[in-house]
Amino acid sequence: GAVVSQHPSWVICKSGTSVKIECRSLDFQATTMFWYRQFPKQSLMLMATSNEGSKATYEQGVEKDKFLINHASLTLSTLTVTSAHPEDSSFYICSAPTSGSYTDTQYFGPGTRLTVL
Amino acid sequence: RKEVEQDPGPFNVPEGATVAFNCTYSNSASQSFFWYRQDCRKEPKLLMSVYSSGNEDGRFTAQLNRASQYISLLIRDSKLSDSATYLCVVQGNDMRFGAGTRLTVKP
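Residue numbers (the working numbering), protein chains in the order written: chain A, 1 to 117; chain B, 118 to 224.
Because the hints were derived from the structure by calculation, they are not lab data.
List of simulated lysine to aspartate or glutamate pairs, DMTMM-like, C-alpha gap at most 20 angstroms:
| # | chain 1 | residue 1 | chain 2 | residue 2 |
| --- | --- | --- | --- | --- |
| 1 | B | Lys223 | B | Asp199 |
| 2 | B | Lys162 | B | Asp199 |
| 3 | A | Lys64 | A | Asp88 |
| 4 | A | Lys20 | A | Asp65 |
| 5 | A | Lys41 | A | Glu87 |
| 6 | A | Lys64 | A | Glu52 |
| 7 | A | Lys41 | B | Asp124 |
| 8 | B | Lys119 | B | Asp211 |
| 9 | A | Lys55 | B | Asp211 |
| 10 | A | Lys14 | A | Asp88 |
| 11 | A | Lys55 | A | Glu22 |
| 12 | B | Lys162 | B | Asp174 |
| 13 | A | Lys41 | B | Asp199 |
| 14 | A | Lys66 | A | Asp88 |
| 15 | A | Lys20 | A | Glu87 |
| 16 | A | Lys55 | A | Asp65 |
| 17 | A | Lys20 | A | Asp88 |
| 18 | B | Lys196 | B | Glu132 |
| 19 | B | Lys223 | B | Asp156 |
| 20 | B | Lys162 | B | Asp211 |
| 21 | B | Lys159 | A | Asp88 |
| 22 | B | Lys159 | B | Asp199 |
| 23 | B | Lys196 | B | Asp156 |
| 24 | B | Lys162 | B | Glu173 |
| 25 | A | Lys41 | B | Asp156 |
| 26 | B | Lys119 | A | Glu59 |
| 27 | A | Lys64 | A | Glu87 |
| 28 | A | Lys41 | B | Glu122 |
| 29 | A | Lys41 | B | Glu120 |
| 30 | B | Lys223 | B | Asp194 |
| 31 | A | Lys64 | B | Asp211 |
| 32 | B | Lys159 | A | Glu22 |
| 33 | B | Lys162 | A | Asp27 |
All values derive from a computational prediction rather than experimental measurement.
Just need the whole structure built from these sequences, with the hints factored in.
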């Protein structure tokens with residue numbers, strides 16, 4: 001089946017620093033990727049939709065200037081958490097559909113666990 | 118009201134038991150429905166899609182009732198390896214997750 005990777009798998013950083021998380025589709029091209037956040041014991045929450053060659057679309061309540069998304073190629077989307085604070089500590093997961101349609105099955109990356117001290 | 122609601126759980130069952138999870142959704146325009154399994158500190162993995170006619174995959178049976186906006190997952194003959202959180206996922210113009218139901222299967 002389709003494979004999506006994420007890097008890094010975990011990161012610890014000091015408050016105020018920026019953290020970049022990469023999401024790659026390894027064996028297919030993804031014109032669209034999705035970024036989620038999951039706090040402990042809570043459901044996955046969609047943060048934004050990453051679109052190759054155009055601006056990302058953000059869910060209500062997600063600050064686009066804080067969570068910068070760049071979909072530079074058909075296999076790579078990056079999420080940068082700028083000026084991270086302890087409340088940004090979470091599990092960040094990306095997903096991609098093989099067909100580019102939101103209604104298609106999503107393949108998830110393994111996630112990145114961010115801890116901000 | 119949450120867009121996707123699941124049994125809060127947790128469910129603690131002995132090996133061999135049959136367990137059922139329920140899920141309701143609020144958006145009647147939703148088009149696709151899935152059950153995902155998420156192990157602790159891991160990403161969700163697709164367990165099965167849910168069709169109106171109902172579908173079965175080994176010990177797992179999924180049902181969809183569009184009129185009642187209700188989805189279910191039945192696990193028969195539970196195994197220790199079934200212990201995980203089960204997420205109900207509803208797709209329309211976007212993708213919405215339920216909070217998940219934690220299942221622990223005990224020896």
